[in-house]
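A.B. asks: Protein chains in written order, with this note's numbering: chain A, 29 to 625; chain B, 29 to 625.
If you are wondering where the hints come from, they were derived from the structure by calculation, not from laboratory data. C-beta atoms are modelled at their ideal positions from N, C-alpha and C, and glycine is treated no differently. Keep in mind that the hints are not guaranteed to be accurate.
With beta-carbon atoms standing in for the labels, derived distance ranges [said to hold, decoys possible]:
no., chain 1, residue 1, chain 2, residue 2, range
1, B, 95, A, 172, 53 to 61 Å
2, B, 576, A, 99, 37 to 45 Å
3, A, 617, B, 72, 47 to 55 Å
4, A, 132, B, 619, 36 to 44 Å
5, A, 617, B, 69, 43 to 51 Å
Partial list, computed: chain A residues near chain B (C-beta under 10 Å) [stated by the list, open to error]:
no., residue
6, 115
7, 119
8, 198
9, 262
10, 544
11, 589
Protein chains: 2
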Amino acid sequence: MPTYQAPLQDYKFIIEDVLNTYQDYATIPQFSDVNSELMDSILSEAGRFAEQEIQPLNQPGDIEGCRVENGEVFTPKGYKEVSQKYLEGGWTQLSESTQYGGQGLPYLLNGAIGEMNLSACAAFAIYSTRDGSIAAIEKNASQDIKDKYLPKLVEGIWGGPMCMSEPHCGSDLGLLRTKADPQSDGSFSISGTKMFITGGDADLGENSIMLVLARIQDAPQGIKGISLFIVPKFLVNEDGSLGERNNTSVGSIEHKMGLHGSATCVMNYDNAKGFLIGTENKGMSAMFAMFAMVNRSRFLIGQQGTALAAVAYQNAAQYALERVQMRSLTGPKNPDKAADSIIVHPDVRRMLLTQRSFVEGSRALNLYVAKLFDELDHHPDVERKKHCQSLLDLLTPICKGFNTEMGWECVNHGLQVFGGHGYIRENGMEQFVRDARAAAIYEGTTGIQALDLLARKVLANKGETLQIFTGEINQFCQENKDHEMVGKLATELKAATAQWLAITMNVGMAAMKNPNDLGAASVDYLMYSGYVTLAYFWVRMAKAAADKKQSTPFTQAKLQTAQFYFDRILPRTATLEKTIQAGSDSLMEMNEEAFVL
Amino acid sequence: MPTYQAPLQDYKFIIEDVLNTYQDYATIPQFSDVNSELMDSILSEAGRFAEQEIQPLNQPGDIEGCRVENGEVFTPKGYKEVSQKYLEGGWTQLSESTQYGGQGLPYLLNGAIGEMNLSACAAFAIYSTRDGSIAAIEKNASQDIKDKYLPKLVEGIWGGPMCMSEPHCGSDLGLLRTKADPQSDGSFSISGTKMFITGGDADLGENSIMLVLARIQDAPQGIKGISLFIVPKFLVNEDGSLGERNNTSVGSIEHKMGLHGSATCVMNYDNAKGFLIGTENKGMSAMFAMFAMVNRSRFLIGQQGTALAAVAYQNAAQYALERVQMRSLTGPKNPDKAADSIIVHPDVRRMLLTQRSFVEGSRALNLYVAKLFDELDHHPDVERKKHCQSLLDLLTPICKGFNTEMGWECVNHGLQVFGGHGYIRENGMEQFVRDARAAAIYEGTTGIQALDLLARKVLANKGETLQIFTGEINQFCQENKDHEMVGKLATELKAATAQWLAITMNVGMAAMKNPNDLGAASVDYLMYSGYVTLAYFWVRMAKAAADKKQSTPFTQAKLQTAQFYFDRILPRTATLEKTIQAGSDSLMEMNEEAFVL
């Protein structure tokens with residue numbers, strides 16, 4: 029049975045020593061009294077909750093799965109109880125606005141706690157992520173709607189699923205058909221079917237506040253005719269109490285490869301009552317509302333890559349220490365035993381360090397991004413906010429796309445370390461693989477993230493946003509080029525960053541001549557960007573480790589893993605450099621029909 | 029529901045036009061009358077059987093799985109009936125020796141039919157692969173034993189599982205504990221537990237002839253004290269009829285990630301009667317016996333990579349033609365529809381062509397290897413046999429290791445093309461992923477294959493074996509360097525081959541100083557070798573396509589896919605070149621305990 033241990037030491041190291049969080053937060057009034065002691069105690073308690081309460085749900089929930097009865101979802105045994113405890117602990121409200129009952133603490137906490145919960149039981153943790161919906165309502169709805177819905181969403185006793193996809197459209201929401209007819213009372217009558225709705229319904233909360241994309245009658249075709257609505261499962265009375273049951277129901281839940289404890293619903297709306305968020309018939313405002321939630325949700329899905337790789341790594345490393353099989357290539361290491369631990373084998377270490385270097389590197393990226401959300405929301409300086417928005421625009425598709433692809437690779441390394449025992453359900457490694465596979469798909473596939481990154485975030489403003497980030501990297505490299513222990517890595521990073529910019533320019537030029545070159549390069553460009561981004565965080569971590577007053581096994585491991593990353597992972601850019609610039613001819617020349625020859 | 033179509037045109041093209049099989053077989057007396065007509069009709073009938081009989085077992089068998097009752101295995105509904113039909117069709121005997129009731133046809137047929145059966149239903153097809161066991165008995169057992177067991181194994185009414193792994197040892201068979209006590213009648217009394225025994229028992233055959241590795245009392249420790257035994261489920265009387273039930277039983281079957289229709293058994297032997305194959309107490313002879321089966325089984329597992337990628341590709345390509353979502357980057361391709369087919373997107377094509385270029389490239393490799401087995405077994409020229417053995421030694425770990433890793437990557441591309449629909453069981457794509465995951469593990473993990481390739485096959489004889497293969501490639505490149513359509517590819521291939529040799533020499537030198545450098549390089553070296561090997565088969569296919577009298581959509585697709593392979597897949601060697609030569613320091617420096625920090 030797999031185990032889980034919260035990586036508290038690593039969080040503390042990244043938050044304090046790498047990101048210098050408390051110095052930075054001192055300039056933000058809302059967080060001026062956030063300090064190490066406070067954060068440590070919260071994270072330590074959250075870690076305990078993840079290890080002791082959430083993790084035990086993971087394997088049994090996978091076996092049991094969810095079920096639907098009479099149009100409602102029932103989650104696996106124990107989900108409801110642990111969810112209730114989580115709520116009572118106030119965990120859902122940590123970083124939410126105090127105006128609606130939140131505790132107003134940094135979102136950075138969610139960056140760590142989200143990962144821990146996902147590592148402990150991904151299917152369970154997904155239910156508690158309402159951040160995107162809350163952000164969408166908070167930023168776009170009328171005060172009435174905010175007052176009515178936000179307090180209980182923040183408290184966590186109401187769920188807030190996002191209802192976008194339909195059977196015939198996932199990535200292309202312009203095609204959606206769910207319709208919204210205006211009613212005399214100012215509400216809308218919503219009819220249609222939504223699909224792939226994560227937690228569309230669940231027995232964990234008292235109500236489900238669905239955010240539904242729909243098309244108002246006579247709205248323009250395509251993406252510009254879409255509006256965003258709140259559709260509550262139970263209508264909410266003026267005094268906040270629950271009223272009539274709305275005309276919504278769960279048609280079915282999907283039988284999926286993994287995440288069995290997370291109900292993926294087909295939702296039916298049959299003249300259900302809905303309430304507009306933003307302006308009627310102005311698709312763009314709904315879309316803006318959607319983007320507010322999309323950035324957060326994509327970040328949260330990106331965390332799944334890190335989180336599942338993290339728990340898979342922990343278990344694989346432990347197994348590699350315990351499993352004895354064959355001898356070291358350099359002679360017996362445990363001559364008294366019949367064989368050595370498999371951790372003596374370079375290739376086992378290669379798999380483990382690939383996992384470790386991704387997990388810790390992407391963890392640093394995630395926490396950096398979570399901190400940007402804090403500054404975006406609360407920093408007093410408008411220029412700084414703008415700067416953060418730019419960095420978030422750039423880094424969100426990398427968090428989502430790169431982290432989920434690498435997370436997938438890494439959970440598979442975890443399984444592989446177990447050999448045949450990894451393929452067996454009891455050992456739990458194959459569940460991590462099945463659970464992790466969804467993350468590269470939902471909330472926009474890797475292909476969608478890659479187009480978002482390359483076309484919208486990088487090329488649309490001629491690389492300006494990219495240069496904000498590479499500027500930060502270059503400054504860091506400049507400052508540390510002569511650092512005794514990390515100067516060499518900083519110099520390599522600088523070269524990789526220069527190459528990133530050069531490739532970007534080449535792709536941009538090629539794309540102007542042939543837009544297909546952009547699509548052909550996009551996923552490889554996303555991965556290239558991810559490798560350089562993680563290299564940046566690895567040098568930052570290595571520097572922070574080197575600068576610690578005392579060398580410890582932890583700081584040594586940081587320095588060693590950084591070196592591994594530069595030796596064995598960053599070189600992946602060598603191939604990507606070629607494929608990004610290979611153009612699109614050999615992709616586009618084949619006739620469509622020839623693909624099925 | 030996924031579909032399957034046998035790739036008959038591709039088999040014919042590879043067998044005839046690429047491998048010039050019939051010219052070559054004309055020099056082998058046993059195959060001198062094998063011709064295109066005969067092979068085509070057999071393959072076409074086998075394809076029909078795979079499509080119509082085997083494929084329908086795939087999804088229901090995954091859902092139902094196997095079960096154990098009273099120490100015996102029951103396979104999913106339909107397995108027994110189809111297995112019976114397969115037997116009656118004579119399919120198990122095609123390439124087996126006529127001496128034991130086989131039809132003496134080329135093993136090459138199995139190279140194609142095995143792939144088709146595995147594509148149609150991997151879990152089912154695995155039961156019918158007795159080739160390794162038959163080879164082990166045929167090459168090593170006494171005439172008595174051969175006469176007693178081979179005819180029914182060849183006929184297929186008896187199964188022949190290989191029983192090697194034990195709970196505490198998989199890769200390291202030297203640790204095994206199953207013991208064999210000599211009895212006065214010349215038989216042995218076998219006691220112990222075997223694990224991960226594929227088809228250890230099944231209700232498909234009348235008897236199960238287990239090949240069991242065990243240690244005779246007072247045998248030397250480790251690998252040199254192992255002997256090989258036949259342990260029949262039912263003892264076989266002198267007249268060939270079934271006698272007493274032997275003391276063997278199924279302890280349990282594993283709950284696995286995939287291949288649910290294939291029973292993976294824990295086998296218990298409680299003073300079961302066994303019969304020695306080869307010489308008593310001379311471990312090496314048993315090991316040789318084992319190698320005879322290991323080469324074939326590894327080849328067959330390698331085929332699983334190709335086969336599952338092939339069927340995943342077919343379904344993904346069909347889906348990409350049908351699914352409409354978003355517009356082409358170069359403007360609408362189907363302006364009358366609300367969106368274009370997703371096959372207009374370069375990134376979707378990148379995923380599809382990655383699959384296609386692997387599937388067809390590895391198919392050519394597999395058929396080439398199957399043909400080598402034929403020549404090894406039947407060629408009249410001893411020198412040619414030796415040459416074939418060398419090539420087989422080199423290519424078997426590539427077939428197994430590279431094909432299963434790439435197969436795994438490719439089934440995942442197939443799932444990804446389906447987006448969210450790929451994660452749903454009904455659509456069948458996630459089953460291909462779950463089923464394919466085992467192939468990189470059993471019969472020796474990728475890490476084991478990589479050490480076998482680099483240490484035993486390449487470096488142990490100072491690259492001599494490798495040079496036999498690269499010599500063949502270079503000769504081909506030399507002959508075709510001025511070819512109008514493939515000269516450029518041949519020149520690139522020549523450079524890649526030279527680089528392969530150069531890297532080999534560097535790794536060899538490094539490994540002499542530090543054996544860990546060998547282990548650190550091994551898997552990347554395996555993959556490098558695979559990419560160059562497939563490049564060779566792609567130029568051969570491109571040349572054969574270019575030289576066809578008439579250009580057709582099929583030959584055009586071959587040329588286009590070859591170009592894609594060189595543009596987008598072969599450049600993966602650029603990264604591997606660096607990581608292979610990165611040494612082992614950053615792998616080995618970390619303390620064992622630090623891995624669980």
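A.B. asks: Broken hints, numbered, in rising order?
C.D. replies: Hints 2, 3, 5, 6, 7 and 9 not satisfied by this model.
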